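*Asks:* Fit chain B to the supplied structure of chain A, relying on the hints for placement.
The residues making up each chain are set out below.
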Amino acid sequence: MGRMRAGLAVALGVLTILPGGGAAAYSVYVSNERSNTVAVVDPETLTVSKTIPVGRRPRGITFSHDYKHLYVCVGDDDRVDVIDTASGTVVDSLPSGPDPELFVLHPQKPVLYIANEDDNMVTVVDTQTRRVLGEIQVGVEPEGMGISPDGTVLVNTSETTNMAHFIDTTSLQITDNVLVDSRPRVAQFTPDGRHVWVSSEIGGTVSVIDMQTRQVVHKIGFEVRGVPKEAIQAVGIELTADGSTAFVALGPSNRVAEVDQKTYAVRRYHLVGQRVWNLALSPDGKRLYTTNGVSNDVSVIDVAAGKVIKSLPVGDSPWGVAVKP
Amino acid sequence: MWRRRQDPDRAAPEAALGAILAAVLAILALIGPAPAWAAETAAAKEPAGAAPAEPMHVIVGYLGQEEVPRQPLSFLEPELQDEGVQGARLGIADTNTTGRFLNQRFDLVEAVIPRNTDPAVAIAAQMQALADKGVRLLVADLPAERLVQALDQPAAGGMLVLNARAPDDNLRNEACRPNLLHTIPSRRMLADALAQYLVWKRWTRWMLVAGRYPEDLAYAEALRRAARKFGAKIVEQKSWTFEEGNRRADSGHTTVQSLVPTMTQGADHDVLVVADERDIFGEYLPFRTAEPRLVAGTQGLVPTNWSRVHEQWGATQLHSRFEKLAGRWMTPRDHAAWVAVRAVGEAATRTRSADPEQLSRFITGPDFTLAAFKGQALSFRPWDGQLRQPVLLAGPRMLVSVSPQDGFLHRVTTLDTLGDDQSDSRCTRQ
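Protein sequence lines, in the order shown, are assigned to chains A and B. For the first sequence, position 131 (counting from the first letter as 1) is numbered 131 according to this note's numbering, and the numbering increases by one without interruption. Converting from the second sequence to this note's numbering requires adding 1000 to each position, the first position being numbered 1.
In case anyone wonders, no lab produced these hints; they're calculated from the structure. Mixed in with the good hints, there may be bad ones.
Said to hold, decoys possible - Derived DSBU-like pairs (lysine-lysine); straight-line CA-CA distance at most 30 Å:
(1) A:K50 to A:K324
(2) A:K229 to B:K1133
(3) A:K262 to A:K286
(4) A:K286 to A:K50
(5) A:K229 to B:K1201
(6) A:K307 to A:K229
Unchecked claim - Using C-beta positions, here's what the derived DEER-type ranges look like:
(7) B:N1116 to A:V294: 48 to 58 Å
(8) B:Y1213 to A:H218: 53 to 63 Å
(9) A:E223 to B:D1355: 30 to 40 Å
(10) A:T51 to B:E1066: 50 to 60 Å
(11) B:E1077 to A:D316: 25 to 35 Å
(12) A:A265 to B:E1077: 49 to 59 Å
(13) A:V91 to B:L1399: 33 to 43 Å
(14) A:A241 to B:M1398: 40 to 50 Å
(15) B:W1200 to A:T51: 33 to 43 Å
(16) A:H218 to B:T1428: 40 to 50 Å
As the list claims (entries may be wrong) - Sample of chain A residues facing chain B (criterion: CB under 7 Å; computed from the structure):
(17) T47
(18) S49
(19) T51
(20) D118
(21) V140
(22) E141
(23) S182
(24) R183
(25) I202
(26) E230
On a predicted model such as this, the values are computed, not experimentally measured, just so you know. Think of the CB as a built atom: it goes at the ideal place given N, C-alpha and C, for glycine as much as any other residue.
Bound conformation, chain A alone (with noise of 0.2 Å):
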């Protein structure tokens, strides 16, 4: 994510159509917890430009290196479906482990790392072989799953346990146990590998976890005027590559903040619909869309401008995005 893109110039939510019969230079991909689809979105028209039925209950999605295929967590069906970015339908369908719910892809190998939310598991599958390579007991509920840069450190966020476990991916051994607040959902490395950020739900917070000590280094914390404290509940974290600026998903505040990824200081708030999840910039860093659960839509952020160009409708209960340049 956050790639520089040429081509695509969007400034103030005034839109320029490209040569060459108008072809989006990226492609926004939602997955639709409720509906059972995976909604495709055109950057250029902002209208969902086709809807992939999938398997129950979509809720993690994911690319393959090559963009070829987009990996679908289907947790009610407990596997994975895979879908062909060309032709947009299903054509596959991987192991995964009961109740998938969220996944990564190693940086380098064809390998996915699969939370298993109600069986305390992360399973470990290759996408090539369709084999599963190994499972992993965690604490309860795993839900978040991050990889370091270069694929050695795996870390998994149980929900009721309150952990970041940090796994070693040739030994896939724990190697440590870090506490965070209650509820912890997703976990990013930045993009210099030296820290991973935690979001947690309940406690309304991040914690910045130092890959060398191992350690919270940094708790950030939220406060929005007129916003009951229980509102603020950190989910999707979004961390632009050239290490400036982080995005955080604030749930039922219905905002997403915009936080210094050097020095942790809130920049501001964005206003978005209602219970916003995940969130994905655009390859060139200058939009960011949002999932929002409960209003059924994604806004789109102009990121310089600060404000929302657009929400639309995409399904029921949009959860994943993902962004294929």
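*Replies:* For chain B alone, coordinates are given in the frame of chain A:
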């Protein structure tokens, strides 16, 4: 105090909710300051490769009583012999999963007051036995009268007791105690949760039908109070005084079909509210009332801390774990016992301590919060020891809503619009 109107300017960064309970500190004879929680969190790292030290051992007690199984009026509901204790057992299992990573071990010491004995003698014996086994943190799955007897024992003096069953309001007011917390909602919390929803629906004229037992009268009183608090009106009150029958009887429905319309005639109302905690007649009311009215309260639309129809905020995972363990659905009593054990577990995780005094101090202190599949952090009210929590409004087949409802505002937390707020409290435990 709650406010009804939307106020666009309601900026309420939560003020400090109150000091640690001085009385608890005195009773538990604490010495020295607790380590700062933030520092503990920052240091919360477990080198997995280190030599395994002896695990830190945390003991949680459970005290229940043997009783004649409650027979639900509906044939769809099972008779339960293990309500409450299964929730405590799951709480221990969940907490041990976390403890595994922190080298902490949690054990549940279970005690049950037998039937057919003098309860006063049995309670004294059980409480002493629990204390002798090192129990200082006790989950009480007892009705109010037995709970008070247990608290009166000398052995209770050194314990923090978490009430996971008795909803009685006087336990949170005149009869409150410094060493008593409540994970089960009070009747007033339940009634307020229902009242907010009915008022939000503008169904403000209620006919009240109450059973004859003290708990029914207490539930009815909570409904009356909630009506006053939120601007509803009880237009008529009725008592269900008919003879109780066995739920199984040939052609029983014929009698009920003629009885209920007659007894629910009266002043014009929007909804019929029912107080029947023993589940003796409430299920007879829906579809049989004189006017086509909905039924809410102990039956019909039920305000409760837990229900199988609830699946939001990860609740499905808790249901799934519980059903694997107990082979049945989790009841409100089970959930309250689970929450009580989890409160101890959370304190042990955060303080890295097995010392009951330190755990008690943390649970009752201002930094304590707990996730319990209710969508937000729960904590104990310092003025009466009640766990503040959202209350579900459960229909027979689906979740209808969750209170507090939109528009009922509070300067600190909207959760305190349910039950006794600080200014209402008659508890002098602080």
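*Asks:* Look at each hint and say if it fits the structure.
*Replies:* Hints, one by one, checked against the model:
A C-alpha spacing of about 14 Å is found between A:K50 and A:K324, which places the hinted pair at or below 30 Å, so the restraint holds. Straight-line distance between C-alpha atoms of A:K229 and B:K1133 comes to about 41 Å, which puts the hinted pair past the 30 Å bound. Between A:K262 and A:K286 the CA atoms are separated by roughly 19 Å; this keeps the pair inside 30 Å, and the hint holds. Between A:K286 and A:K50 the alpha-carbon distance is near 23 Å, which keeps this suggested pair within the 30 Å criterion.
Between A:K229 and B:K1201 the CA atoms are separated by roughly 26 Å; this keeps the pair inside 30 Å, and the hint holds. Restraint check for A:K307 and A:K229: the C-alpha separation of about 23 Å stays at or below 30 Å, so the hint holds. A C-beta distance of roughly 53 Å is found between B:N1116 and A:V294, which places it inside the suggested range of 48 to 58 Å. Our hint of 53 to 63 Å for B:Y1213 and A:H218 holds, since their Cβ atoms are close to 56 Å apart.
A C-beta distance of roughly 34 Å is found between A:E223 and B:D1355, which places it inside the suggested range of 30 to 40 Å. Roughly 57 Å separates the CB atoms of A:T51 and B:E1066, a value that falls within the hinted 50 to 60 Å. The beta-carbon spacing between B:E1077 and A:D316, approximately 32 Å, falls within the hinted interval of 25 to 35 Å. For the pair A:A265 and B:E1077, the beta carbons lie near 54 Å from each other, so the given range of 49 to 59 Å is met.
A C-beta distance of roughly 37 Å is found between A:V91 and B:L1399, which places it inside the suggested range of 33 to 43 Å. Distance hint for A:A241 and B:M1398: a CB-CB separation of about 45 Å, consistent with the stated range 40 to 50 Å. The beta-carbon spacing between B:W1200 and A:T51, approximately 35 Å, falls within the hinted interval of 33 to 43 Å. The beta-carbon spacing between A:H218 and B:T1428, approximately 42 Å, falls within the hinted interval of 40 to 50 Å.
Taking 7 Å as the C-beta contact cut-off toward chain B, the hint placing A:T47 at the interface is violated, the least distance being around 30 Å. Annotation: interface hint on A:S49 violated; nearest CB of chain B at approximately 31 Å, more than 7 Å. Below 7 Å, beta-carbon pairs count as interface contacts, and A:T51 has none with chain B, the closest being about 25 Å; its hint is therefore violated. With a cut of 7 Å, the hint placing A:D118 at the interface with chain B holds, because the nearest CB-to-CB distance is about 6 Å.
Given hint, A:V140 at the interface with chain B, holds; its Cβ is 5 Å from that chain's nearest Cβ, closer than 7 Å. At about 5 Å, the closest approach between the beta carbon of A:E141 and any beta carbon in chain B falls short of 7 Å, and the interface hint on this residue holds. At about 4 Å, the closest approach between the beta carbon of A:S182 and any beta carbon in chain B falls short of 7 Å, and the interface hint on this residue holds. Using the Cβ-Cβ criterion of 7 Å, the hint placing A:R183 at the interface with chain B is satisfied: the shortest such distance is roughly 5 Å.
Interface hint at A:I202: satisfied, since its Cβ lies 4 Å from the closest Cβ of chain B, which is below the 7 Å cut-off. Using the Cβ-Cβ criterion of 7 Å, the hint placing A:E230 at the interface with chain B is satisfied: the shortest such distance is roughly 4 Å.
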